[in-house]
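Engineer: Spelled out from the first residue to the last, the chains are:
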Amino acid sequence: MRIRSNAARVVFDRVTKAFGPVVAVNAVSFEIEPGTLVTLLGPSGCGKTTTLRMIAGLEMATGGRILIGDQDVTQLPATDRDVSMVFQSYALFPHMTVGENVAYGLTMSGFDKNEVRERAEEGLRLVGLAGYGKRLPSELSGGQQQRVAVARALVLEPAVMLFDEPLSNLDAKLRRRVREDIRELQQKLGLTSVYVTHDQEEALAVSDRIIVMRNAEIAQQGSPRDLYEAPADNFVADFIGDANLVEAEIDAVEDGEALVRIGAVQRRLPARGLGPGVVKVAIRPEAIRIARNGAAGAFVADVLKATYLGSHMEYTLATPLGEVFVVDPDIDRPAEAGDRVTVDLARRGVTLVRG
Amino acid sequence: MVNRTVALWLAVGLVGFAVLPWYGIEYGFWNFEWLFEGYPRDSDSAPAVVQVFLGGKPWLAPLALALLAPLAVLRRRKSDPLFARVLLLAGGGGLAYLLVQAFAIGLGGWQFGFLEALFGPLETRQFGLGYGALLVSAAFLFYFTQGLAARGAVKGDVFVVGSIGAIVALVGVFVFFPVLTILASAVRDGEGAFAPAAFLLRLMDHRIWGVDCLVGAYSCGVAWNSLLLAILTGVSTTVLGLAFALIATRTDFRLKRSLRVLTVLPIITPPFVIGLAVILLFGRAGAVTQFLEVTFDIPASRWIYGLPGIWFAQTLAFAPISFLVMIGVVEGVSPSMEEAALTLRADAWKAFTTVSLPLMRPGIANAFLLGFIESLADFGNPLVLGGRYSVLSTEIFFAIVGSQYDQGRAAMLALILLAFTLGAFYAQRRWVGKKSYTTVTGKGDSGLFAPLPKLVRFGAYGLALPWAGLTAVIYVMIMFGGFVQTWGHDHSFTLRHYIDAFAVTRGDFGLVWSGAAWNSFWTTLTIATIAAPLTAALGLLTAYLLARQRFAGRSSFEFGTMLSFAIPGTVIGISYILAFNVPPIELTGTGIILVICFVFRNMPVGVRAGVAAMSQLDQSLDEASLTLGANTFATVRRVILPLLRPAIVAALVFSFVRAITAISAVIFLVSANYDMATSYIIGRVENGDYGLAIAYSSVLVLVMMAAIGVVQLVVGKRRIGRRSLTERNAAAVVGEAV
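Protein chains in written order, with this note's numbering: chain S, 1 to 355; chain X, 1 to 738.
Everything labelled a hint here was simulated from the structure, so no lab data went into it.
What you are looking at is a predicted structure, and each value in this text was computed from that prediction instead of being measured.
Errors might be hidden in some of the hints.
[Claimed, not checked] Mimicking DMTMM-like on lysine to aspartate or glutamate, the simulated pairs with C-alpha atoms at most 20 Å apart in a straight line are:
id: 1; chain 1: X; residue 1: Lys-78; chain 2: S; residue 2: Asp-80
id: 2; chain 1: X; residue 1: Lys-155; chain 2: S; residue 2: Asp-82
id: 3; chain 1: X; residue 1: Lys-155; chain 2: S; residue 2: Asp-80
id: 4; chain 1: X; residue 1: Lys-155; chain 2: S; residue 2: Asp-72
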């Protein structure tokens, strides 16, 4: 008995969901390729969970079309969709054993008894819980419960697997482990997966693609690297990783390259469709370097705060561009609050963004 | 692909139309003698199709049309707009037509003059609706809900829309229709004609609103009597409840656990039994009265009959309910609130009076209103102890069964009583319901309750302990009173009352249940046993819809299903008599009307218990089940119901016990064939046969204790591992629900 995947494409075509006058998802369109893991990322209330629940059929779209595979499922209730879901609260049935939980969907789908048993066992083996079938969910740890929930969803070989903030009830250490397990399983089985989280680090770690949502709409979508290195606007720049937003001026644009003045520094950056004038530049905290050995820097800055964090230092600096937040890997020669330092901008981690 | 649900209801409807008798059978719902008495040609038992052709009732024919209409769309897809339209039209139209013809043509032919003028007089007449009509109405109803579901109502869920439709229909027929009938009777004169003047006359009746007791020697109107009694009872039960609650939660009193037992007692005691015991203690021949007469030469009097007696008995009966409410309130005030006050230099007395007591204020108001409402609705104690002090609930009874026989007056009194209780409920919801000062949150609170200030502690002990002692004495009396010859005169031991009531003798054909009580005893048990599971099922289904589904009109739906809780039993009783005595729904004198009465009266408690239990179940459990391919029905059956066992126990126990202890509605609805235990006992009390009444009551209390045990055993405990949620017993769940 092997559990395979029936990975299918998911298409959202101008899908809208309104709760009375409140629009939770506003004419959102995207496509998810079979076998990939796509994350819906955004602050709370941005519509990401509603989007996920519309894929599941737990909420019905009030406009637009949803396709899974080639089938239009817009009007289909959850029961009839080939989708399974892993819940934030695990949602394991507390009155059934682990084995009964995993077998539940199989029984409901009308498999015969032997096959239900075999598949359930295989599912538990896949998540590393073979032999736990007789226990009650309450007798397992949080991480184990989450893996049972994954197994329960997996054994149905769904066209799409949905994860609704699956790690938010786990402690920080465990979160990394389970997230790696989920990613490994997803890649091994080639599952089409949609993953909701508000944790940008988690999103960067597990995703093939990330869809960032804001106020019921898509702010930007792309690979983790696209989003980190070329955020579309200051919202995305700030949401994925930290960013210092400073004012700059474009002097000229040639061949899609802009000549940008950031304070006293001149840079050539991809213009990203912007013309000459005052613009914003997002600078990653690690792109601001504190100059050592008296090397000439670009700015002079005053250290306002310095915090030792073991693996790195964090500084708040007052510069001619404004206050900036800086991460510096050099812990051997820390600056102290009140020092005056010179700083420089790195090659990477500096991008033009739309206001 | 044939739509199987539509096909099923089509078949049900056809059976109802063409096979089963259309009209109600005279001998009763479960009597099948009609099968051998001329069926299907006899006009009493003929199905509708025969009635159309042979019975001279052509107006039934259009029903067939509506019934068969869905055949046209049987093979269409649900998403086809025509499918929904045909079902909506056939179901809605069919149901409307069925009701219109049933109300328009009754026992005396046309029911309305203008119809007779229009169509000419009618030779034939119609009886109440029977099996056939029941099935056909159900078919129409579910056509309609399937049409709604096909149009996308409640995510297109056929099961959910169907359930909502069924509950709306049932509540409409068995709660709203009777209440409207009362309203209608109040505005009609003796001949049944519309007479607003009669309505005003009745409303302004001196016997209701008179204030002679303030200025003259006569007694006040019943409305004032009821209000005064309700306020007194509300205050006394609240004070006692608070005292008990403080002792139970904030002191190290050793007998705390036995205090909790007090809370179960009123649930399993028929309300008037307390009144009975009070007579045995303080009546003219009562133990205390005689003791006082012999020792202190205080002459025996009838002071207990009237306001003091009723107030006393009601306080005894309802204080435990207030205790249940107040325990939650006292525990709801976080200990760290008082600790904070103590660290801010308040002493124990100040901390209690300036922090804890104000935080309990909404809870106290709540307990008062509950006592107020219970007192208004109480029927048994005023009946037994009232003497010449009359209150609304008993006046209604005497207006209809006494020599006055005045339907209009009874309806008017019922309306006033209804207005009082609904007003109190409204006040409770509006004013208290929203205000919550509960300061205990989900977060761990490590504070410990500070000891109560001395004054409060001794006050609480001083009030509560004598009262608890009195309650204990009362229950001892109830158990003991059945074993003496004649209370107050001959206190020698006897089993006579038990033998009179429950004798079993050996006759020629085996055992003979010759005791006088057996008849009503078995009827009561049977009816309670039938009603309990129905109540629980309906209540929990409603709870599921309320807690888990979003649909248009959800709050009016909730109001409708909770309404019967606010209606006093006497009002329900009279409304059922007025509504179900004539076609189209003829139920008086049957056992069914008792079952229906219990189901709709007690359903709100099932709803409350279910909603409370379901709000502890994470919604994602249902959603997980749905995404795993189970439909709504399977989800309810396999995931929700098993997790709701405590609520099921609570609903079953409560409705069973209530069906046994209820008196106010029952006394209107019993008949020679279906006499209930409580109305039989009241009958004995009125004849002065206290011995048998007390003996019977104590047997009932024991039976109910046993029943609670059996239900808990059968339904069992919810097995969800080490941290089980089932440790709270059923009584506690009922308490929360109330």
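Engineer: Does each hint fit the structure? Answer for all of them.
Structural biologist: Hints versus structure:
1. Our distance criterion of 20 Å between C-alpha atoms is met by X/Lys-78 and S/Asp-80, whose separation comes to about 14 Å.
2. Note on X/Lys-155 and S/Asp-82: the hinted pairing holds, with a Cα-Cα distance of about 17 Å set against a maximum of 20 Å.
3. Among the hinted pairs, X/Lys-155 with S/Asp-80 is consistent with the structure: their alpha-carbon atoms are about 12 Å apart, no more than 20 Å.
4. Proximity of X/Lys-155 to S/Asp-72 is assessed by CA-CA distance (about 16 Å); at most 20 Å being required, the pair is judged to hold.
No hint from the list above goes unmet by this structure.
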